Amino acid sequence: MQTDWSVVLTFLPQLIAGAKITVQITVIGLLGGLILGTVAGLMRAYGGRVLNAVAFAYVELIRGTPIVVQVMFLYFAMPVLTGLRVDPMSAAVLAIIVNAGAYIAEIVRGAFLSISKGLSEAGLALGLPQWKVLVYILGPLAFRRLIPPLGNQFIVSLKDTSLFIVIGVGELTRTGQEIMAANFRAVEIWTAVAIIYLVLTGTMSVALRMIEKRMRIL
Amino acid sequence: MSIIEFRKTSKHFGDLKVLDEVDLDIDVGEVVVLIGPSGSGKSTLLRCINGLEQISGGDLVMDGISVRAGKKQLRLIRQEAGMVFQQFNLFPQMTALENVAFGPRKVRGASAAEARKQALALLEKVGLRDKAGHYPAELSGGQQQRVAIARALAVRPKVMLFDEPTSALDPELKQEVLTVMRQLAQEGMTMVVVTHEMAFAKQVGTRLIFMEHGKISVDGNPRDVIENPPSERLKDFLQHVE
Chain A
1 MQTDWSVVLT FLPQLIAGAK ITVQITVIGL LGGLILGTVA GLMRAYGGRV LNAVAFAYVE
61 LIRGTPIVVQ VMFLYFAMPV LTGLRVDPMS AAVLAIIVNA GAYIAEIVRG AFLSISKGLS
121 EAGLALGLPQ WKVLVYILGP LAFRRLIPPL GNQFIVSLKD TSLFIVIGVG ELTRTGQEIM
181 AANFRAVEIW TAVAIIYLVL TGTMSVALRM IEKRMRIL
Chain B
1 MSIIEFRKTS KHFGDLKVLD EVDLDIDVGE VVVLIGPSGS GKSTLLRCIN GLEQISGGDL
61 VMDGISVRAG KKQLRLIRQE AGMVFQQFNL FPQMTALENV AFGPRKVRGA SAAEARKQAL
121 ALLEKVGLRD KAGHYPAELS GGQQQRVAIA RALAVRPKVM LFDEPTSALD PELKQEVLTV
181 MRQLAQEGMT MVVVTHEMAF AKQVGTRLIF MEHGKISVDG NPRDVIENPP SERLKDFLQH
241 VE
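Protein chains in written order, with the working numbering: chain A, 1 to 218; chain B, 1 to 242.
The set of hints was computed from the structure by calculation and includes no laboratory data. These figures come from a predicted structure and were not determined experimentally. Here a beta-carbon is modelled for each residue, glycine too, at the ideal position from N, C-alpha and C. Heads up, some of the hints might be wrong.
Result set (DSS-like, lysine-lysine): computed pairs, CA atoms no more than 30 Å apart in a straight line [as the list claims (entries may be wrong)]:
hint: 1; chain 1: B; residue 1: K235; chain 2: A; residue 2: K117
hint: 2; chain 1: B; residue 1: K117; chain 2: A; residue 2: K132
hint: 3; chain 1: A; residue 1: K132; chain 2: B; residue 2: K125
hint: 4; chain 1: B; residue 1: K174; chain 2: A; residue 2: K117
hint: 5; chain 1: B; residue 1: K215; chain 2: A; residue 2: K132
hint: 6; chain 1: B; residue 1: K8; chain 2: A; residue 2: K117
hint: 7; chain 1: A; residue 1: K213; chain 2: B; residue 2: K131
hint: 8; chain 1: B; residue 1: K71; chain 2: A; residue 2: K117
hint: 9; chain 1: B; residue 1: K158; chain 2: A; residue 2: K117
hint: 10; chain 1: B; residue 1: K125; chain 2: A; residue 2: K213
hint: 11; chain 1: A; residue 1: K117; chain 2: B; residue 2: K215
hint: 12; chain 1: A; residue 1: K132; chain 2: B; residue 2: K8
hint: 13; chain 1: B; residue 1: K131; chain 2: A; residue 2: K117
hint: 14; chain 1: B; residue 1: K158; chain 2: A; residue 2: K132
Chain B stretches covered by chain A per the calculated footprint, using a threshold of three residues with CB under 8 Å from any CB of chain A [claimed, not checked]:
hint: 15; stretch: 84-92
hint: 16; stretch: 95-106
One side only, chain A facing chain B, incomplete, derived with CB under 10 Å [unchecked claim]:
hint: 17; residue: L113
hint: 18; residue: S116
hint: 19; residue: L126
hint: 20; residue: K132
For reference, chain B alone in the conformation it holds in the complex (with noise of 0.2 Å):
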């Protein structure tokens, strides 16, 4: 069952077509990973989903509701489709426990002791229980990108958005990111996740997009995609990532 409908989606900033057309429809329970050279349009693609971009042409459903359809219709799809962000975007002046308390109280309207507990359950998921009262100016990149997937999940949404989620991490930092994100596909969460991470992409995705110019140029089983890739561009653009 479709939870993401893009039909013949369509995105331009100015002149430049950054999606052409898109159509892609992805089910319940997908992890779908999606790389590109930069300007490819990944990145805008995922933007669009939860309507921080605001598509120019075609529609794009999310969970049943099209991002065109008004600002309120466009909140539900937000508490339906959590993002992590390539700078974690943590609230500073908030500790850890109040950054994942915040949505459950001002978005789904939850009781603070309600919410404190969820929160602390999610700190605990995401290995980082004992930080709970720590700034995010304390916390590591990798500790603050895992509070922050605290964050997004605690609105409990059905599908989570990740861009560049371990990018601006060191290397070493990345896994326990990783590591977190490989659990919640475990869990069957639905993902969608712009990356450059292709052992990620080999072990935990469901599939593979490769973007080129605002297209899909490559869709298919991470494995067979990467291993066998059908075009020439996608063979280059795999051997600079890796």
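Same shape as in the complex, but just chain A (with noise of 0.2 Å):
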């Protein structure tokens, strides 16, 4: 077998377009899963009764469905159901959102309920409103605990762009595909989309660790 590396030179642009698409995707994706998440996860763990259903619902379709079809329904069902046209690129973001959003809610969930409620108490003694112990005295501490799941969670998300290969969005992995059907370089191109990725989720590893490292977890 012949191996020549210096096709990966000639289409690593291409390849970094894609990185690029993969990393936009990703980080508007958890951007917005984390506002929702974090909505979810306190509806879920302080919401009456009424909130907290709407959130479990979500929750377990989300995490009862695998994402390709998530993405699928989103890019071809919804306008069928809606009218709405959504080009690729934004079924993908949404998708990553919403997916994201559902395990992002369970680490929320769980990160505040792990809080003693005696601390709670603490706060509420004093006579802080309810949303104040939540900000001041749990926010903070939950956060700390948030930072290593999360990280676990971002990590995949980024690895699931590649699932959006079935829509068409060119991100890295459906630009390997493309790269790769033109001139059926396979080990070459393929081992160059994984370094890829392996530097793409090292990087988000490296940081979070460098985030974990200067907040104790208390």
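Two chains, two frames, a set of hints: combine them into the complex.
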């Protein structure tokens, strides 16, 4: 078998363009997922019966279905149902928001509920309203406990973007696939693609480690 | 003048009756010591005063406000009734100073400088001025509890509620906490204390209440009650505590 690694160099600009799209989907998707997940997680932990049920249904629906099916639904089925066309990129970002949001909701709920009830009582006993107890006392503590499982979810979501190949978003895996189809350099191209993913997830890991180091878990 | 009034106050946890139509008036300046076997309702009685437990029947008025008056009123009650917990419950992400300054800042709306000054004075009062910059994890149990007392005092309450404040402490460390409490009583603070410290009850308490099955079974002068227990059950209980 002959390998020719120079093809990687030739197609590097294309691969990097694909990686940029992967990063874009991941970053915007996770920012949205973080907001959605925090809201849903707090609804689960502190909401009344109705809010809790709504959040519970959302989490179960998303966790119980594959992300490929979710993005196919957003891209192909939603337009049929609502008449609204979405471009592949938006569908991809939306899929990450909705999907990561459900997992993050459980992470957020767990982090808040793991904090001793006594601390919340101590805050309330001072005469603080519930929301201030959440923001000033429980929030900062929960945040520290969120970082390790959140890091895990970030990496999973980044890799999940590769599944959006099914709706034709030009992200990294799709780019690799297209180059491969033209020159059949499977070993070189898929190695390069894998390494780029490793660099991306590795960077994320290191960044999270650094944040984790700065904040002791209390 | 009564500052805390229980009016046929009841509390149920499901079918379990923890407080059974309790009537009790506590006056300004009293140091009421609550004792009783576990499950007798003494902690629940205390926690109903600041609404950490919601009462199920009757009424409970603290500083002229009913605990059933609503969320906003409940917050006013809590500002007037400081609480100290068995497990200290200091905020672990804040230093001793920040813990004490937290209430004035976030509840009373004091400026940072004002809150800090007040917090330092309170830490001085509980003998921990030099630990101001330490985090709770770096303090002994006794020191943590003294910071917790300072934190509760910082909101300037009219009443202090103590829920077994020394039960989680070694005998040696208990004393430093009891000393602070004794000092507070001497300053005229109205106090309600759930404890098993009979020496404290005798020396500092102005009133001793023995609870059984969610009811007040004995209510009297601590010295009299401890030396001449009016019921067999109390006599038996006291023998086990000492």
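Outcome of the hint check:
1. B:K235 to A:K117: Since the Cα atoms of K235 of chain B and K117 of chain A sit roughly 35 Å apart, the hinted pair is violated (cutoff 30 Å).
2. B:K117 to A:K132: Satisfied, since the Cα-Cα distance of roughly 23 Å is no more than 30 Å.
3. A:K132 to B:K125: 28 Å, holds
4. B:K174 to A:K117: With a Cα-Cα distance of about 24 Å, the restraint between K174 of chain B and K117 of chain A holds, given a limit of 30 Å.
5. B:K215 to A:K132: 36 Å, violated
6. B:K8 to A:K117: Measuring from Cα to Cα gives roughly 29 Å; hence the hint holds.
7. A:K213 to B:K131: 25 Å, holds
8. B:K71 to A:K117: 19 Å, holds
9. B:K158 to A:K117: 25 Å, holds
10. B:K125 to A:K213: Violated: K125 of chain B and K213 of chain A sit about 36 Å apart, past 30 Å.
11. A:K117 to B:K215: 27 Å, holds
12. A:K132 to B:K8: 33 Å, violated
13. B:K131 to A:K117: 26 Å, holds
14. B:K158 to A:K132: Holds, because 23 Å separates the two Cα atoms, which is no more than 30 Å.
15. 84-92: With 6 residues closer than 8 Å to chain A, the stretch 84-92 of chain B meets the three-residue bar; holds.
16. 95-106: Holds, because 3 residues of the stretch 95-106 of chain B bring their Cβ atoms closer than 8 Å to Cβ atoms of chain A.
17. L113: With Cβ-Cβ at 17 Å, over 10 Å, it is violated.
18. S116: Check passed: Cβ of S116 of chain A comes within 7 Å of chain B, closer than 10 Å.
19. L126: 5 Å, holds
20. K132: 6 Å, holds
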